[in-house]
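Novice: The residues making up each chain are set out below.
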Amino acid sequence: MSRNEKVNPSRIDPKFKYEVVKMPGGEKLLQCFQCGTCTSDCPVARFDEKYRPRNIIRMVQLGLKDRVLGSDFLWLCASCFTCTDRCPQGVEVASVIRVLKNMAAAEGRIPQLFKVQLGNLIKTGYVYEIPESRIKRREALGLPPLPKGDVEGLIKSLKGLSVMKVLEG
Amino acid sequence: MSEIKYMIFLGCVIPYRVSSFEVSARRVLRNLNVDLVEMPEFNCCGLPLEPISHELMLILSARNIAVAEREGLNIMALCPGCASTLKKVNKILRENKGLREEVNKHLRESNLEFRGTIDVKHLSQVLIEDVGLDRIKKAVVKPLKSLRVAEHSGCHLSRPRKYIGFEDPENPTVLRRLIEVTGAKCVEYMGETECCGATVAGINDKISLSLVREKLSNIIEAGAEALITICPSCHLMYDANQIRAERMFNEKYGIPVLHYTQLLGLAMGVPPAELGFDELRVSPEKILGKIGGGFP
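As they're listed, the protein sequences go chains Y and W. Under numbering that gives the first Met the number 0, the first residue of the first sequence is numbered 0, with each subsequent residue one higher. Under numbering that gives the first Met the number 0, the first residue of the second sequence is numbered 0, with each subsequent residue one higher.
There's no promise every hint is true.
[Claimed, not checked] Here are the computed distance ranges between Cβ atoms for each label pair:
| # | chain 1 | residue 1 | chain 2 | residue 2 | range |
| --- | --- | --- | --- | --- | --- |
| 1 | W | 69 | Y | 166 | 44 to 52 Å |
| 2 | W | 222 | Y | 155 | 53 to 61 Å |
| 3 | W | 144 | Y | 114 | 45 to 53 Å |
| 4 | Y | 166 | W | 134 | 43 to 51 Å |
| 5 | Y | 155 | W | 273 | 37 to 45 Å |
| 6 | W | 268 | Y | 60 | 23 to 31 Å |
| 7 | W | 35 | Y | 5 | 54 to 62 Å |
| 8 | Y | 144 | W | 131 | 26 to 34 Å |
| 9 | W | 34 | Y | 10 | 54 to 62 Å |
| 10 | Y | 139 | W | 36 | 18 to 26 Å |
[As the list claims (entries may be wrong)] Derived list of chain W stretches under chain Y, where covered just means 3 residues or more per stretch with a C-beta under 8 Å from a C-beta of chain Y:
| # | stretch |
| --- | --- |
| 11 | 17–31 |
| 12 | 35–42 |
| 13 | 127–139 |
| 14 | 156–169 |
| 15 | 195–204 |
These are computed hints drawn from the structure, not numbers from a lab. None of these values were measured; they are calculated from a predicted model. Using N, Cα and C, we set each Cβ at its ideal position, and we do this for glycine too.
Take these sequences, add in the hints, and give me the full structure.
Specialist: Right, here's the structure in full:
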């Protein structure tokens with residue numbers, strides 16, 4: 000969905016901003032006065048015109064829930080936290096965007112990369128599949144064996160987390 | 000001399016692709032008498048998965064902290080991403096008792112408990128605060144006076160400020176001071192605090208490689224012969240992905256990217272063969288030739 004598409008009033012969700020404010024990291028959302036410090040200091044925004052943190056914040060304030068949660072640009076945040084550290088209003092911009100990604104994920108919108116990493120995690124404790132050649136190389140380099148993941152304990156600890164449903168589908 | 004002892008946290012990126020960092024870090028820490036204890040069990044710190052679930056990240060980090068608490072040791076993470084995540088969760092769960100109880104319900108399922116009794120530091124923080132520049136300086140037997148390098152601290156060494164605390168994100172000095180103690184000249188350049196783009200790699204390579212190109216161009220402009228990192232993900236971007244950026248933009252950079260611990264090791268007179276130099280993708284031959292180390 001394009002950022003510049005016309006707003007359809009029937010698709011506006013006026014309560015959306017309050018949902019975001021309730022989430023850890025989203026608390027200061029309503030303090031944003033659209034100065035644009037976040038966008039002008041964003042390393043990703045310099046190289047991709049679709050990604051504009053200020054616009055994302057504004058879309059949330061306006062209640063454009065579908066448009067934000069269904070977007071691809073949401074996933075472009077580099078999590079460098081420059082916006083968060085520089086916001087004059089104390090908005091944790093990167094964390095607001097993380098809240099939005101979490102919400103998109105809860106609706107099943109998750110880039111493949113994260114499904115793979117979650118799958119690896121519950122198999123080994125590591126988010127990457129560490130190849131046998133690396134394990135052998137460790138020995139050759141004189142490194143100690145890798146710490147083992149307590150996979151059984153890990154799975155028990157993650158019981159009941161809704162994000163684990165990702166792996167069922 | 001007081002004993003410095005930590006539980007070492009490797010994270011996922013280092014075992015997966017960046018053994019050179021681990022080899023060199025262990026080697027110089029041994030020289031500096033920092034005692035390392037291996038983690039009896041481990042899982043990802045949670046940072047890579049926070050985009051899909053904040054709660055999942057909290058539990059993953061808390062599990063690791065709880066393991067270290069059980070052993071009664073502070074954690075030293077080599078990866079700033081892991082360090083920042085563990086620090087963040089340590090602070091959040093110490094301050095928010097309600098949330099701590101919720102997370103502990105999950106942890107108790109596998110006989111772990113977060114109590115908030117240990118600290119987490121990044122390697123650079125251990126070097127600057129616990130070992131100290133004076134002791135590092137004493138260990139430098141072969142000052143690298145002929146080298147001109149650039150530093151890249153990386154975002155998670157200092158951001159977000161409210162959780163990290165030991166370094167100023169707008170004017171980082173920790174890595175610069177650690178480099179200067181080796182005798183190498185640390186040049187200033189445009190965009191020193193800019194992100195490496197690692198988190199976007201795999202989602203959008205055009206953006207991440209554009210960031211690599213910008214960084215390398217800026218340090219070449221400043222006359223640096225090598226880039227020094229202290230983060231495995233930043234290193235992957237500038238070393239392994241340097242070749243990909245060269246291909247994408249049809250340019251040649253040829254900038255060796257060294258882990259700080261490799262640079263320090265050289266200054267301590269450790270043979271390059273013991274510092275993982277042969278794992279680097281961009282050949283460090285020019286640098287090693289210059290300081291008379293020879294290529295392994």
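Novice: State for each hint whether it applies.
Specialist: Verification of the supplied hints:
no.: 1; hint: W/69 <-> Y/166: 44 to 52 Å; verdict: violated, 28 Å
no.: 2; hint: W/222 <-> Y/155: 53 to 61 Å; verdict: holds, 55 Å
no.: 3; hint: W/144 <-> Y/114: 45 to 53 Å; verdict: holds, 51 Å
no.: 4; hint: Y/166 <-> W/134: 43 to 51 Å; verdict: holds, 48 Å
no.: 5; hint: Y/155 <-> W/273: 37 to 45 Å; verdict: holds, 41 Å
no.: 6; hint: W/268 <-> Y/60: 23 to 31 Å; verdict: violated, 59 Å
no.: 7; hint: W/35 <-> Y/5: 54 to 62 Å; verdict: holds, 59 Å
no.: 8; hint: Y/144 <-> W/131: 26 to 34 Å; verdict: holds, 32 Å
no.: 9; hint: W/34 <-> Y/10: 54 to 62 Å; verdict: holds, 60 Å
no.: 10; hint: Y/139 <-> W/36: 18 to 26 Å; verdict: holds, 23 Å
no.: 11; hint: 17–31; verdict: holds (count 4)
no.: 12; hint: 35–42; verdict: holds (count 6)
no.: 13; hint: 127–139; verdict: violated (count 0)
no.: 14; hint: 156–169; verdict: holds (count 5)
no.: 15; hint: 195–204; verdict: holds (count 7)
Figure legend: structure checked against the earlier numbered hints; hints not met, in rising order: 1, 6, 13.
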